[in-house]
Each structure stands twice: as C-alpha cells, then as structure tokens.
Amino acid sequence: MENDNTQNMPFMKENLRLSMPFKIVTGILIVLGIASVAFGFMQDPGRTWANYLVNNYYFFSIAMGGVFFFVIQYISQAGWSAGFKRVPEAMMAWLPFAAVFFLLLYFGTHSIYHWSHDEAVADDKLLAHKSPFLNVPFFYIRMVFYFGLWILFARMLRKFSLKEDLETGTKWFEKSEMYSKVFVFILAITFSFAGIDWIMSIDAHWYSTLFALKNMVAAFLHGSSILILIVLLLNGKGYFPFLNKYHLHDFSRYLFMLAIVWGYFWFAQFMIIWYGNIPEETIYYSVRWEKGWQTLFFLDIIVNWAVPFFVLLPIKASRNKYVILIVIFFLIIGQYIDLYLQVMPGTTGALKFGIVEAGMFLGYAGLFALVVGFTLSKANLIPKNHPYLDESLNHHFQ
Amino acid sequence: MSTKYKIGVFDEEKTLVASIKSLQERNLAIFDVFTPYPIHEVLHLLKRKSKLPTAGLIYGITGALSVLAFLYYTSVLDWPIDYGGKPFNSFPSFIVITIVLTILIVTITSLFTFSVRARLFPGQEAVIFDDRATDDKFIIVIDAELLGGDAANEAGRIMSESGAVEILEKDLAEKK
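Residue numbers (numbering that gives the first Met the number 0), protein chains in the order written: chain A, 0 to 397; chain B, 0 to 175.
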C-alpha cells in the first residue's frame, strides 16, 4: 500500500534544468573572479596567492563536507536522507576542480610557505629537521596522491549510485556501503595530512595535534550547511516536494551536533595551549590575539559555535526553514573567518579585505555553483531503487 | 487517588490506537496507557507534555552559575594562587570543571525530580494495572471513580467494540 507512494509522489519534475539567469549569474561571478585574480596579481602577488589558498581550501572543504555526509549516510544506513543523496554527490564533483586549483598553487609555493625557501631551511634547525617531509617535490607528490584517492572513490560511489537507478535489489547499495567504509578510513588519514600540509605548515614552527581533526569537523560542518542550502534553494524552486519538517529537523541536527564538536575542538586546542603556556605553542595564538586579529578571533567561535548552538536549540527553530537559512548564512561567513585566521597571519601578516578577497570568493562561488548545478542536472534528482527511498519520502518521527 | 479502574487489554497497536481515538471522540477521559514499547501516536493523542526538560534547563543554569561562583570564591577570594602568571579569575580554565559539574548536577536533580513526581522511592510498591502490560499486551486504563459507573461501562463497551481482547475491573483498595 505504502510502496505505491514512489509512483504517486508529485516529483515528476525529475531532472533539474539550469535556468538561463542561473547560468548568466554564475558566468558573471566567474568573470568577476578571474578579473579580481588578474587585478590582484598586478597589485600584490603575495596577497593574491594567500587568498587563492583560502578560497581553494574553502570550496575544497565544502566538497569534502559533502563526501563526509554521503559516506556517513551509507555507513549508518540512514534512511531519511536517501532522497537527497544526489546533492552530496554533486558536491563531490568539485574535487577534480579543487585538484587542478591546488596543483596550480605550485607557482605560489614560495610566497605562501616559508619552509619552501632553501635559504630559510639552511639557517633553521627545526625546518631542516622537518625537511625530509616538508619539501616542495614531496609536498606535491602527496597532493597528487590525496586527490587521486579522493577522486577515485568519489567517482566510484557516484557510478554505483547511478547504476542503482537501473537495477532493483540491494546490490549497489551494499557495494556503496562497503566502499564508504573503506573511504571513511582513507579520508580520516589523508584529510588529516592534507590539512597539516596545506594549512598548518604555513606556520611551520608551530604544531597542534588537534589541528587536523578540527579542520575535518569544520569541513563536515560547513559542507553540511552548503548541502542544506542547496536542498532548500531547490525546494524553493519546487524540487524535493517531499521535504517536511522532520527532514529539516534532521538536517539542522547535523549543524547543531557538528557545531558543538567544532566548538569542543576549537576550545580544546586553545585551552591546552593557553594553559600549558609554552612559547613555541602560544606564539600562534598570541599573534591572533593582537589588536587587528582579535575581533576576528572571537567572531570565529561566536559565528561557528555560539550561533548554531543557541539558535538551533529550541525544537521550533530547528524545524524552521528560515531559521536554518540564517544559521547557514552565518556558517558560510564563519568558515571564511576561520580559514582567513589560519592562513593570513602567517602569510601576508596584514588584515586586508578588499576587491581581491571579495572578487575571488565570488568567482569561486560562481564556479562551484555551476559545477554542482551541472552535475545535479545530469542525473534524475531523486534516486530510484534505493532501499531506503520510501522511508526518506515518508520520513516522520516525534 | 481513586481506587476503581476499568482496564482494556489489547493485542495490537492498531486496535489500541483506534480505541483511544473513539474514546476521545466521546470525551471519555483516559487515565493512562501502557504499552510494551513507545508509540508516537499514543504520545501524540494523549497530549501529555512533560515539564522535566524545563526543570532540567533551570537546574543547568543554576548549576553552571553556582559552580562558577564556587570557583570564583575558591580561586580568587579565598585562596588565590599564582599559576604561571595567569589571572586568578581565568574563565577558560574554569570551563571544563563547570561543564562536568553542571552535567552531574542536572542528572542528579532531574532524577530526583522525576522520582518525586512519579512517587518513586526505595521500597515503594509499584502499581501495575495488568502484569501483561510489561510483556506483550497494550492496555488502556480508565479511572472508573472519576467518570462514574455509567460512563465507565460505556468506555468498557467502546473498548471491546474496537478490539479489546479483555475488559478488566480492578479495585486497588481490595488488595490491601
């Protein structure tokens, strides 16, 4: 009786069609981005490379958040999210683009990473000690290796998911679950190393064992927020007609839970260093505690932890579309602040926000939106034959 | 507390829910429902709202504030000790203890509140309307004294019409 719902549901608007205004707007954003990159390189190459890294990592982390979300749905055999799985799949499609952008960072290595200068390593015992790991060729070999693994798995999971549409049975579901389990282990290790390589090595003398974990949770948190944003925007256009308040509650639970975990790691890292008071560790925070950066430093924890936590605490708010959209808006800014604080003090050392920063972010956002939209339009928006699809379409709890 | 109850025993969730609905249609008050596992619809229909979360929130806020006040008293007012040049009133180092103690305070006081409200204390004999409710049966309890004889009989009739396998009458006073 209830199985017939799949046929009766009014999701005949099966495929997403990218509207002309969407293409025009993203096109304008991309042109704006390219223009501001060109402008930035003429004005101040160092600043532009630092921004390049911030934006690269920003959108890469969002794509990785989509990956995390996707694999965790399979591993936990979550039923409620089955109808939305095309969205994280589309976010994964950004990974090849991220790979290209990150490899292009090669030309800016010297203006971002202090350890890449031979003369700096020569005078510095610590950097010399780290040089077998932290040297330019190995850095890029590792980068290729990480991206190779991620893209391989992301493509495989996408392929399984599309094949599932053509066949009944749970064969592809079980296969996806199996590979998700493998992938999550690979992610834990490679993503930790990637965060250490690309972000933490900017301050090559400083280290924190919590750094990679915190950045991983940040990717998951902000990736989920973009995922929910895409779902809500599409729902506004009439897609995902089955979206109800229980789906919204489950989505906002992700934000709520991950914001707590993020805040926990942020505080754990900060408190250990603050309490231990060892100069080589506190230098990282003492720079970020100074006049210019201090506002951003406190804004970081407020926007990324306090806002989602207190706003989504009441059950009514966590089921309200508009409240969730406001939280997502804060989180989008939050990830930028977090990354800006991690990258800028060690590279340019100056607190600047102008045309270069804004333009580049908009350019990346445009390209990201275009890639995700294009991937979404390539397959039917609501999957078929997923064993938990009915549960997702009729999702209900107390 | 009244002593006379009418009890409807059901085999299935479906008939239980249907029976609750028809009882409510006729404005016959249900005293309580016991099921082997939680059923969302029953919670929904009975409109029982617990105030325990609100109590928990109040305990949490009071707990956190009193722990912070205690830490302030011990490490600033009563016995200030210089740890590596940090200020005596150093909020970050208070947080961990505050979180842990707040959780403890909320847990214990909530448990206590619940026990008092549910009239549970060591040695208290539980009122079990029908032993099978702890096994595989679903039961609806009607307060016969509150409703009066006629209404209670009507409730019993409605329950057996909508699928109760058994209708019992229980007088708690008899037991003593």
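Note that these hints are calculated values from the structure, not bench results. Note that the structure is a prediction, hence the values are computed from the model and not measured. For glycine and all other residues, C-beta sits at the position ideal for the given N, C-alpha and C. Please note that a few of the clues may not be correct.
Quick list of the computed label-pair ranges, beta carbon to beta carbon [claimed, not checked]:
#1 B/V75 / A/R252: 30 to 40 Å
#2 B/T133 / A/A187: 42 to 52 Å
#3 B/R47 / A/I188: 43 to 53 Å
#4 A/I271 / B/D134: 51 to 61 Å
List time: in silico SDA-like cross-link candidates among lysine to any residue, alpha-carbon distance up to 20 Å [to be verified]:
#5 B/K50 / A/K22
#6 B/K85 / A/F269
#7 A/K180 / A/K22
#8 B/K46 / A/F396
#9 A/K180 / A/M155
#10 B/K13 / A/H395
#11 A/K244 / B/K136
#12 B/K20 / B/V164
#13 B/K85 / A/I282
#14 B/K85 / A/I272
#15 A/K22 / A/A267
#16 B/K85 / A/M155
#17 A/K315 / B/K50
#18 A/K315 / B/T53
#19 A/K383 / A/A267
#20 B/K13 / A/G372
#21 B/K85 / A/L125
#22 A/K320 / A/F396
#23 B/K136 / B/D10
Hints numbered earlier in the text: which of these fail when held up against the supplied structure? The structure conflicts with hints 5, 7, 11, 15, 16, 19, 20 and 21, although it agrees with all the remaining ones.
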